[in-house]
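Asks: Each chain, written out:
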Amino acid sequence: MEIVILIKQVPNTTEVKIDPKTGNLIREGIDSIINPDDTHAIEAALRLKEAYGGRVTGISMGPPQAIDALSEAMAMGVDRAILLTDRPFAGADTWATSTTLGKAIEKQGNYDLVIAGRQAIDGDTAQIGPQVAEYLGIPHVSYVAGIESVDDGRITVKKAVEDGYQWLRMPLPSLITVISKINNPRPFHLARLLDACKEKAPVEVWNVADLNLKVNQVGLVGSLTQVIKTFSPKSKREIKMLSGDAKTQVRELLSELRQKRLI
Amino acid sequence: MNIWVNKELCNECKRCLRACPYQAIEMVEGKAFITDRCTLCGTCVEVCKEKAIISEVPTKEIPDFSQWKDVWVFVEQKDGKVLRVGLELLGKAQELAKALGEKVVGVVLGHNVAKEAEILLRYGAQIVYVADAPELDTYSTLPYTRVLSGLVKAHRPSILLIGATVLGRDLAPRLSRRLGAGLTADCTELSIDLKERILLQTRPAFGGNIMATIANRFSRPQMATVRPGVMEAKEADNPRGEVINVEVNLEPQDLVVELIKYHREAKAGVDLTEAKVIVAGGRGMGDKEGFESLWELAHLLKGEVAGTRVAVEEGWIPQNRQVGQTGVTVRPELYIACGISGAIQHRAGMMNSRYIIAINKDPQAPIFQVADWGIVGDVREVVPLLTQELRDRFARG
Numbered sequence: 010m011e012i013v014i015l016i017k018q019v020p021n022t023t024e025v026k027i028d029p030k031t032g033n034l035i036r037e038g039i040d041s042i043i044n045p046d047d048t049h050a051i052e053a054a055l056r057l058k059e060a061y062g063g064r065v066t067g068i069s070m071g072p073p074q075a076i077d078a079l080s081e082a083m084a085m086g087v088d089r090a091i092l093l094t095d096r097p098f099a100g101a102d103t104w105a106t107s108t109t110l111g112k113a114i115e116k117q118g119n120y121d122l123v124i125a126g127r128q129a130i131d132g133d134t135a136q137i138g139p140q141v142a143e144y145l146g147i148p149h150v151s152y153v154a155g156i157e158s159v160d161d162g163r164i165t166v167k168k169a170v171e172d173g174y175q176w177l178r179m180p181l182p183s184l185i186t187v188i189s190k191i192n193n194p195r196p197f198h199l200a201r202l203l204d205a206c207k208e209k210a211p212v213e214v215w216n217v218a219d220l221n222l223k224v225n226q227v228g229l230v231g232s233l234t235q236v237i238k239t240f241s242p243k244s245k246r247e248i249k250m251l252s253g254d255a256k257t258q259v260r261e262l263l264s265e266l267r268q269k270r271l272i
Numbered sequence: 050m051n052i053w054v055n056k057e058l059c060n061e062c063k064r065c066l067r068a069c070p071y072q073a074i075e076m077v078e079g080k081a082f083i084t085d086r087c088t089l090c091g092t093c094v095e096v097c098k099e100k101a102i103i104s105e106v107p108t109k110e111i112p113d114f115s116q117w118k119d120v121w122v123f124v125e126q127k128d129g130k131v132l133r134v135g136l137e138l139l140g141k142a143q144e145l146a147k148a149l150g151e152k153v154v155g156v157v158l159g160h161n162v163a164k165e166a167e168i169l170l171r172y173g174a175q176i177v178y179v180a181d182a183p184e185l186d187t188y189s190t191l192p193y194t195r196v197l198s199g200l201v202k203a204h205r206p207s208i209l210l211i212g213a214t215v216l217g218r219d220l221a222p223r224l225s226r227r228l229g230a231g232l233t234a235d236c237t238e239l240s241i242d243l244k245e246r247i248l249l250q251t252r253p254a255f256g257g258n259i260m261a262t263i264a265n266r267f268s269r270p271q272m273a274t275v276r277p278g279v280m281e282a283k284e285a286d287n288p289r290g291e292v293i294n295v296e297v298n299l300e301p302q303d304l305v306v307e308l309i310k311y312h313r314e315a316k317a318g319v320d321l322t323e324a325k326v327i328v329a330g331g332r333g334m335g336d337k338e339g340f341e342s343l344w345e346l347a348h349l350l351k352g353e354v355a356g357t358r359v360a361v362e363e364g365w366i367p368q369n370r371q372v373g374q375t376g377v378t379v380r381p382e383l384y385i386a387c388g389i390s391g392a393i394q395h396r397a398g399m400m401n402s403r404y405i406i407a408i409n410k411d412p413q414a415p416i417f418q419v420a421d422w423g424i425v426g427d428v429r430e431v432v433p434l435l436t437q438e439l440r441d442r443f444a445r446g
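Here the protein sequences line up with chains G and H, keeping their order. Sequential numbering of the first sequence, starting at 10, is according to my numbering. Sequential numbering of the second sequence, starting at 50, is according to my numbering.
What the hints contain is simulated information worked out from the structure, not anything from laboratory work. Just so it is clear, CB atoms sit at the ideal spot from N, CA and C, and this is done for glycine as well. Check each hint, because a few of them may be wrong.
[To be verified] Ranges between beta-carbon positions, derived for each pair:
#, chain 1, residue 1, chain 2, residue 2, range
1, H, R246, G, D88, 48 to 56 Å
2, G, R195, H, K127, 35 to 43 Å
3, H, C62, G, N216, 31 to 39 Å
4, G, W176, H, D427, 46 to 54 Å
Sequences and hints are given; from them, build the entire structure.
Replies: Written out as structure tokens, the structure is:
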């Protein structure tokens, strides 16, 4: 079974802080990690390979340092890794990103299944999986919480929905996006990480020309949406702080609530 | 392809620093310096009065979209009943359509759903398209994408809004790619820029630490998803309109994904998005026993109990009662935040509540930034007192 996984390197957003003076993100000292949902995609791919044989290829689009994420993926057991990096890729929205990833999947060779994490923690859009599937013209199922079976050219998966689970069957090649419930990712092997980091790192690096794309199809120029402004979230409310001992505060609060007819 | 600053022309005005959406410009030795965070978006080039920023990036022409009109809302249904999130989006659509002088259009896909069209009209739709077919009863990506993309291509809406449910977050990206349309996920604010007549889409990024406003200038429809509970449903002043039945023509390749089993869990009996009052607890509740005290308070106020991610992780409350970025978004009449510091991820899920009370022992806690009333104190003292006072009050009638 030939499996392609999509991997994104993201800043560990749980550590992100805002400069209270400027309202800007403080980027210094923030770790980059493999997007958490993507580690589950890697694990799912490795388990399928163990059950059915074949090869797992990891693809990531990002700045040159995203090679670290792919090296880690190889240390988990991914066979082949491809980094799509080039200045014109920068600033891509999900449209330009899905074009780039889709093109890379076609170029890397045959595939039976593409696996992506449901969403990345820096953007939370959950758009890339379905958009890549549409680009490739293959069916997809998102929010996959379990892979039940692969047989006779078809895959059966369990999808998490608001009120329970759906079991869905579709022909290969197809794409799934996985949620963290699907598995517990294995730790990576230090020895393999060291191998992956050696001078002749086996991560392949492709640029815009390698993908036969034009500069105006990728990155910000190839995007349909643009960020026009960023700001730190602010509240328009004015707070009334209640004073006195706890009992006084509570009584004052209740009279405020009564005035607003909330009780 | 490149961009640089002509240091001789730069007069240190810092306009470019403020304008850069990516915070990619810094002052180095008194002059603007473009760092490698730059995405070549060109905003700085436009704001520089000294023409000191030179870019080799070609400017992109905006196509003529004057034929694309009206504000469309895809209204999701389950078991033949429309979901509230669709009505909330119709509320916002009324406002957007009014600003543009265009119409509000609702779209429902399902089986035996014709009767639901009335509800869409009541909540502001002026035209309702109903696609009724057995294959559309339970959602499946490809049939829904086929029907909706056909409708959009035929009628050319300017804006298309979709609820950011599990269904919407699956359908919207597939549809956007098929239509060649830009899509912005999980918007918390939508407005019209009247000068350009475009939709401004504001959403949280970096785990909610920062808000980004996004424009979709180069494609139509301008597609956006919005999470349930973020917008407000509004009944139309003068509800009337036309209901149009759409012919459904599916291709064999639309039916390759088969639903073989659907296991629906018995409903846990809570829908926080419908609650009028929510009493929520966080880390400051201390332990499970401390957290339990919230139930009586909620009961007295005829409300529901909710919690932060920490409260869920500690096992004080089930996950379906989690409010915040990874839980549900709520907008009750009254939200009482007890022992919640107010991490942005939590605030994102409750800051649109009508009234907010914050009780926390740390006066610097960010929860106070979004509250209407604040009590600095120990929740384990204040909550029982509040409960007692309310109980006495109700006992007196």
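Asks: Please flag the earlier hints that this structure goes against, numbers listed from lowest up.
Replies: none
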